[in-house]
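Q: If you're matching them up, the sequences are chains A and B in order. If you count the first sequence from 1, position 168 lands on 168 in this note's numbering, and the numbers rise without skipping. If you count the second sequence from 1, position 147 lands on 147 in this note's numbering, and the numbers rise without skipping.
By construction, these hints were calculated from the structure, which means they are not laboratory data. Idealized CB from N, CA, C, for every residue including glycine. A couple of the hints might just be wrong.
Going by beta-carbon spacing under 7 Å, a handful of chain A positions derived as facing chain B [unchecked claim]:
#1 Thr-59
#2 Pro-61
#3 Leu-63
#4 Pro-70
#5 Lys-76
#6 Ile-77
#7 Val-146
#8 Ser-147
#9 Phe-171
#10 Ile-186
#11 Val-187
Taking lysine to aspartate or glutamate pairs in the DMTMM-like style, the calculated list, with each CA pair at most 25 Å apart, reads [unchecked claim]:
#12 A/Lys-76 x B/Asp-188
#13 A/Lys-76 x B/Asp-194
#14 A/Lys-76 x B/Asp-16
#15 A/Lys-76 x A/Asp-169
#16 A/Lys-76 x B/Glu-19
#17 A/Lys-76 x A/Glu-13
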Amino acid sequence: MTWLFDNIDYVRELFVRHAWISVVSTLIGFAVSLPIGWYAHRHARLRGVTVALVGVLYTIPSLAVFVILPGILGTKILSVVNVIVALSTYAAAVMVRTTTDAFGSVSPQVVDAATASGFSSGQRVFRVELPLAGPVLLAGLRVVSVSTVSMLSVASLIGVSNLGSLFTDGFRRDFLTEIVIGIAGIVLLAILLDLLLVLAGRALMPWTRSLAGAR
Amino acid sequence: MDPISGGGALMSVVNDTVEWLTDSVHWSGDDGIPHRLLEHVGYTAETIVIAAVIAIPLGFWIGHTGRFRSVAVGLTGAMRALPTLGLLTLIALYLGIGLTPPLIALVVLAIPPLLAGAYAGVESVDPQTVDAARAMGFTEWQILTRVEIPLGLAIIIGGVRSAVLQVVATATVAAYVGLGGLGRYLIDGQAVSDYPQMAGGSVLVVALALVLDGFFAALQGLASGRRPSLRSRARSSP
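Bound conformation, chain A alone:
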């Protein structure tokens, strides 16, 4: 405990860094997956191919990606850009599946009704399909956010600092406390982001709350 108090600034700095890298990667992955998932949902023949392709992406071990990406991107291995690209790709790989399912969960009658009421196709996507796909999208985002927070810690092995640096540092110095604090920090961050997502979901989709209450 004294170690934590003595190094509180360092731990806080790592926590904030871990938080922003995870949030940015999750959001980029989500943004990329939306159009792909929507397109795959509309074109049944592409769906199988897309889902298989992103499935393969997800089988690739993260440490290998953290090492290979700088070679492909031409960036320095210590650059945070590699890590963000890698984590966003993983996030997108998981989310494409979910976004495809999410758009599939919107009742076709509702979409037809929107068309009949004179919605243009753009309006229909943004004002009918997207909000109604929201609950499934949120469920997917919660899974991705947790695994992104956890996966980022591996990047400390190639020298990109985050809360995982407490693991490598603690291991090198034979200091268990530091590792435990690292694990606690990561679990805390995962819970915090999950809570934020749930709150954001309630604010953006008030109807899901009244539905849950009515049940």
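Take the given structure of chain A and dock chain B to it, following the hints.
A: Structure of chain B alone, referenced to chain A:
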């Protein structure tokens, strides 16, 4: 120039990596590719067998009886938040040097996907089918072994597939706490700023993961061939 000293052109990085991979020096001895690959596969097999002996019967029991289901779901969910590197370093420091501590960590991480696959597979069987078997005089054991396991096999194998990929990836990371295998190239290369070695090792790890994934995908396909209604769900294993 390579990514360690400051980012380089793609072609030269690829050339260096290919050169490292094809250099005959790297294909023999204890630090050679065949030996490291065998080690990696060996750790994976060992871990999966131990974890399966623990998790699969437990998963069958949870799936068949429905007991402790919410505990199992919560546990597998919570494990996702647990950072693998944190668990590895913690167990390695706590239990000391040697191969056993990292292998224990790998077993711990392989249990949740195996457990989830086993109970989800058993649960996926239509309750009416189970009732029909019961009405025909099947004992509970016969229902499990002759109805639920054969019908849920594709999903059960899906759990094994996730666990294998998880272990291949984590065994790579475990080189940091002293495990052998392909991860050695990444960690040792990093220590001496040898990027081609790191990239070469990474390519091998990716190849191994893809081959194993393909193998288990094929097994899943065989298993779900006997149950067409499941075929579309085979890839969505937990």
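Q: Compare the structure with each hint and give your call.
A: Against the structure, the hints:
1. Thr-59: This hint holds: A/Thr-59 lies near chain B, its Cβ roughly 4 Å from the closest one there, short of 7 Å.
2. Pro-61: holds, 3 Å
3. Leu-63: holds, 5 Å
4. Pro-70: Status holds, d = 4 Å.
5. Lys-76: A/Lys-76 check passes; min Cβ-Cβ to chain B is 5 Å, inside 7 Å.
6. Ile-77: holds, 4 Å
7. Val-146: Holds: closest Cβ of chain B sits about 5 Å from A/Val-146, inside 7 Å.
8. Ser-147: holds, 6 Å
9. Phe-171: holds, 4 Å
10. Ile-186: With a closest approach of 5 Å, the A/Ile-186 hint holds.
11. Val-187: With Cβ-Cβ at 5 Å, under 7 Å, it holds.
12. A/Lys-76 x B/Asp-188: holds, 18 Å
13. A/Lys-76 x B/Asp-194: Given pair A/Lys-76, B/Asp-194 holds - Cα atoms ~14 Å apart, limit 25 Å.
14. A/Lys-76 x B/Asp-16: holds, 16 Å
15. A/Lys-76 x A/Asp-169: holds, 22 Å
16. A/Lys-76 x B/Glu-19: holds, 21 Å
17. A/Lys-76 x A/Glu-13: holds, 22 Å
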